[in-house]
Amino acid sequence: MHADPAGVLTGTHFLDGDHACCEGALAAGARFSSGYPITPSTEVVERFAARVPTIGGTFIQMEDELAASITLQGAVWGGAKAFTVTSGPGFSLMMEHIGYAAMTETPCVFVDVQRGGPSTGLPTLPAQQDMMQVRWGSHGDYEIIALCPNSPQECFDLTITAFNYSEKYRCPVFVMMDEVVGHMTEKVVIPVPEEIEIEPRRYTTLPPDEFLAYKPGADLVPDMPRVGEGYNVHVTGLTHDERGYPDMRPEVQDVLVRRLVDKIKNNVDKITLFEADQIEGADVVVVSYGITSRVAQKAIDMARQKGIKVGKFRLITAWPFPEKQIAEIASKVKGIVVAEMNLGQMVREVERAAAGKAVVRLVGHAGGSVHKPEDILKAIMEVAR
Amino acid sequence: MSEATVTIHNPVEDFLRMDRIPHIWCPGCGIGTSVNSFAHALTDANIDRKNLAIVSGIGCTGRVAGYVNLDSFHTTHGRAIPFATGLKLANPKLNVVVYSGDGDLFAIGGNHLIHAARRNIDLKVVCINNLVFAMTGGQTAPTTPGAVITSTNPYGTYDPSFNLPYLVEAAGAVYVARWTAFHVKQLARSMEEMFAKKGFSFIEVLSPCPTLYQRRNKMGDGLDTMKFYKQVSKVRNGAPTSEVALTKSGEIVVGKFVDRERGERGDYGNLMHDSLADALGEDYVETEACSCQ
Amino acid sequence: MAKVQGSVQIVVERCKACGFCVEFCPTHVLALSSAFNAKGYHTPYMAHPEKCSGCDLCGMYCPDFAIFGFKPEADKKAQAEPVQQAKEASAVPLLVSTEVKEEQDAR
Chain A
2 MHADPAGVLT GTHFLDGDHA CCEGALAAGA RFSSGYPITP STEVVERFAA
52 RVPTIGGTFI QMEDELAASI TLQGAVWGGA KAFTVTSGPG FSLMMEHIGY
102 AAMTETPCVF VDVQRGGPST GLPTLPAQQD MMQVRWGSHG DYEIIALCPN
152 SPQECFDLTI TAFNYSEKYR CPVFVMMDEV VGHMTEKVVI PVPEEIEIEP
202 RRYTTLPPDE FLAYKPGADL VPDMPRVGEG YNVHVTGLTH DERGYPDMRP
252 EVQDVLVRRL VDKIKNNVDK ITLFEADQIE GADVVVVSYG ITSRVAQKAI
302 DMARQKGIKV GKFRLITAWP FPEKQIAEIA SKVKGIVVAE MNLGQMVREV
352 ERAAAGKAVV RLVGHAGGSV HKPEDILKAI MEVAR
Chain B
23 MSEATVTIHN PVEDFLRMDR IPHIWCPGCG IGTSVNSFAH ALTDANIDRK
73 NLAIVSGIGC TGRVAGYVNL DSFHTTHGRA IPFATGLKLA NPKLNVVVYS
123 GDGDLFAIGG NHLIHAARRN IDLKVVCINN LVFAMTGGQT APTTPGAVIT
173 STNPYGTYDP SFNLPYLVEA AGAVYVARWT AFHVKQLARS MEEMFAKKGF
223 SFIEVLSPCP TLYQRRNKMG DGLDTMKFYK QVSKVRNGAP TSEVALTKSG
273 EIVVGKFVDR ERGERGDYGN LMHDSLADAL GEDYVETEAC SCQ
Chain C
3 MAKVQGSVQI VVERCKACGF CVEFCPTHVL ALSSAFNAKG YHTPYMAHPE
53 KCSGCDLCGM YCPDFAIFGF KPEADKKAQA EPVQQAKEAS AVPLLVSTEV
103 KEEQDAR
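Protein chains in written order, with the working numbering: chain A, 2 to 386; chain B, 23 to 315; chain C, 3 to 109.
Possibly wrong hints are sitting among the right ones.
[Claimed, not checked] Derived contacts from chain A toward chain B, CB cut-off under 8 Å, selection only:
#1 Phe-33
#2 Leu-67
#3 Ala-68
#4 Trp-78
#5 Leu-94
#6 Glu-97
#7 Tyr-143
#8 Thr-237
#9 Arg-250
[Stated by the list, open to error] Simulated crosslink set (DSS-like; lysine-lysine; CA at most 25 Å straight-line):
#10 Lys-373(A) x Lys-335(A)
#11 Lys-53(C) x Lys-249(B)
#12 Lys-333(A) x Lys-310(A)
#13 Lys-252(B) x Lys-53(C)
#14 Lys-216(A) x Lys-252(B)
#15 Lys-307(A) x Lys-266(A)
#16 Lys-358(A) x Lys-266(A)
#17 Lys-373(A) x Lys-188(A)
#18 Lys-207(B) x Lys-53(C)
#19 Lys-358(A) x Lys-379(A)
#20 Lys-219(B) x Lys-115(B)
#21 Lys-207(B) x Lys-73(C)
#22 Lys-299(A) x Lys-266(A)
#23 Lys-53(C) x Lys-73(C)
[As the list claims (entries may be wrong)] Computed spacing ranges between beta-carbons, pair by pair:
#24 Ala-299(B) x Pro-208(A): 50 to 60 Å
#25 Pro-33(B) x Ala-33(C): 21 to 31 Å
#26 Leu-207(A) x Thr-158(B): 33 to 43 Å
#27 Asn-68(B) x Glu-52(C): 30 to 40 Å
Think of the hints as simulated: they come from the structure by calculation, not from any bench. Cβ coordinates follow ideal geometry from the N, Cα and C atoms, glycine included.
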């Protein structure tokens, strides 16, 4: 399905990541947002608040992130594509409702423009310290999808991808930006609506008396009912059967929770996005994501100039983690350098996937500034030796 | 009299998910009684049930959503109101009812309640007040009167408690009433009025919690409490809400306390649309609903 | 002139003997019987059926949807219609039947 032209600001723009993200949401068909201000994410919803009354839709600034993170889910069930944006402290407040979205299979998008933490931390400075939290932050077993843009253009493109994934897999999808990507201004090309593919909501075609709200299709994902049309849906965060009715038996829990996990895991090949360059024959591969990947590119170029055979693997989909690709890389290289703005988060996944087949070396720091290429270069050279 | 097997259709069953009955509520609990009033109100008000959605939080009263045969949403603790806000704003033609308990709406959910009332979001809130957090075993709630025993105040409560109608009126509700589970007909009538009202509307319904609150305080069973309600309730329609606070065994003032309009523009949906239309003129695109394909 | 005669229908297996219907019936039609249901609750019965007007106040009070009052004269249509059977839930024991008996106090 093509994008609704009303939300597509076709043209070549000079936008920062936050603004581009908002345009991506509008192009994807988002017509509802409930937000709460938090630096460095606020501009996304400020732009949405300004744009959506001329397109058709609603923005409401809620009283806190606890409300924002569930108001959007009410709007989703009311029929809208909806999202919210936040940063670290707000993200922490949203955790319960992320779990609710996962459990009720509510398609929605959360944007986290990461900043230094923990706690209030560094409100105006970048970090990549929420990468594990996005995966594990809510209680219980569930899977999510997280995408990491490294430019304002990608903020636009990947926000659309996020909405598409959320509708297809009926799960919360996360756009993990960081303060630098969010506040850097670059060229953003927004194509014509016919060139933007949108995943429609998978509304059921069955009539109410035949429809079971949580009976999955072959892809392990159930179709959605329309509210207000006599389906009498029941949506609950309690463990539920195919009717959506609470059922506390362990066997029902097993079937349901396994399906919530498997519907993502089984489709990992369709969800995994990455950028790989010169992996073949490399001695060292640098794994990075977000703004760090732009610095890593510089370090890789510098290393190649020194004659080191360096490959690049940029995570675009951070979750589900591209285990297969990393495992394969680990079996062929001397070492993997992981550069991230934290004291070691995605590096743990790399280590896990590498399973000891290659040295894994973290170039990390506690946040607040973008990496220096020299620091990554140093690690590349040490690993290559 | 001869033994005869007769099966007559009970109209209330049309409103229930009969494949989930019997429900989990205790003998003598007033929640089921309030659901009868709700069913009667829906019938008498001629509400199109397809267009009515019910949202509840967590707790004994929160389970109402699971037993009524409507589009129903059992959300997280304290957050029924913001969920309902999103549902209503995205789909304004829906009549959205929030049916939840005193702990859910006024402890963890208190902030959301006052903001929704402040904004005058068009929600119909039914709050079953059994004076404790019942589902989790009878802990002190913001509505528990002083000097009673709960599971977290085993030597007696000393927390001051909220006067719910007063709080909700001050926050901005346009319709405020209180009844008890004894007042089944008046409650149904209030609910009917509430369905027709635009804006943030609130009905407090006092209910026994025989298993926890009443038992720990040796107040008898559900029936004793219902008789107590009958005995000490005084109907004072229009009473100032500042004067209707509850005490442990004092008078219970019931009635319709507030039925007003707020400003010319009315509920939040209208406020939003009018304001944006004024500001943007022709450029404003008003949506009937924020629906996607 | 004959009063409109009412009657009640009781789904005995749903009753939890809370006593609301007995207490709040305006004409004191009901009493708890000495018979009991599968859960051991003494369910109500019409001790004074002639006093019943079918007002359904008992039904409004019942927290368990176990009783309801009706006017058979006015409700002939309801009598003729078959009762909807509860839908079968997957592998979960369901609601008991909606059979009702006009019970006598077993003396």
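Outcome of the hint check:
no. : hint                                : verdict
1   : Phe-33                              : holds, 5 Å
2   : Leu-67                              : holds, 7 Å
3   : Ala-68                              : holds, 4 Å
4   : Trp-78                              : holds, 6 Å
5   : Leu-94                              : violated, 11 Å
6   : Glu-97                              : holds, 6 Å
7   : Tyr-143                             : violated, 15 Å
8   : Thr-237                             : holds, 4 Å
9   : Arg-250                             : violated, 15 Å
10  : Lys-373(A) x Lys-335(A)             : holds, 23 Å
11  : Lys-53(C) x Lys-249(B)              : holds, 22 Å
12  : Lys-333(A) x Lys-310(A)             : holds, 12 Å
13  : Lys-252(B) x Lys-53(C)              : holds, 23 Å
14  : Lys-216(A) x Lys-252(B)             : violated, 47 Å
15  : Lys-307(A) x Lys-266(A)             : violated, 40 Å
16  : Lys-358(A) x Lys-266(A)             : holds, 23 Å
17  : Lys-373(A) x Lys-188(A)             : holds, 24 Å
18  : Lys-207(B) x Lys-53(C)              : holds, 21 Å
19  : Lys-358(A) x Lys-379(A)             : holds, 22 Å
20  : Lys-219(B) x Lys-115(B)             : holds, 14 Å
21  : Lys-207(B) x Lys-73(C)              : holds, 19 Å
22  : Lys-299(A) x Lys-266(A)             : violated, 33 Å
23  : Lys-53(C) x Lys-73(C)               : holds, 12 Å
24  : Ala-299(B) x Pro-208(A): 50 to 60 Å : violated, 38 Å
25  : Pro-33(B) x Ala-33(C): 21 to 31 Å   : holds, 25 Å
26  : Leu-207(A) x Thr-158(B): 33 to 43 Å : holds, 38 Å
27  : Asn-68(B) x Glu-52(C): 30 to 40 Å   : holds, 34 Å
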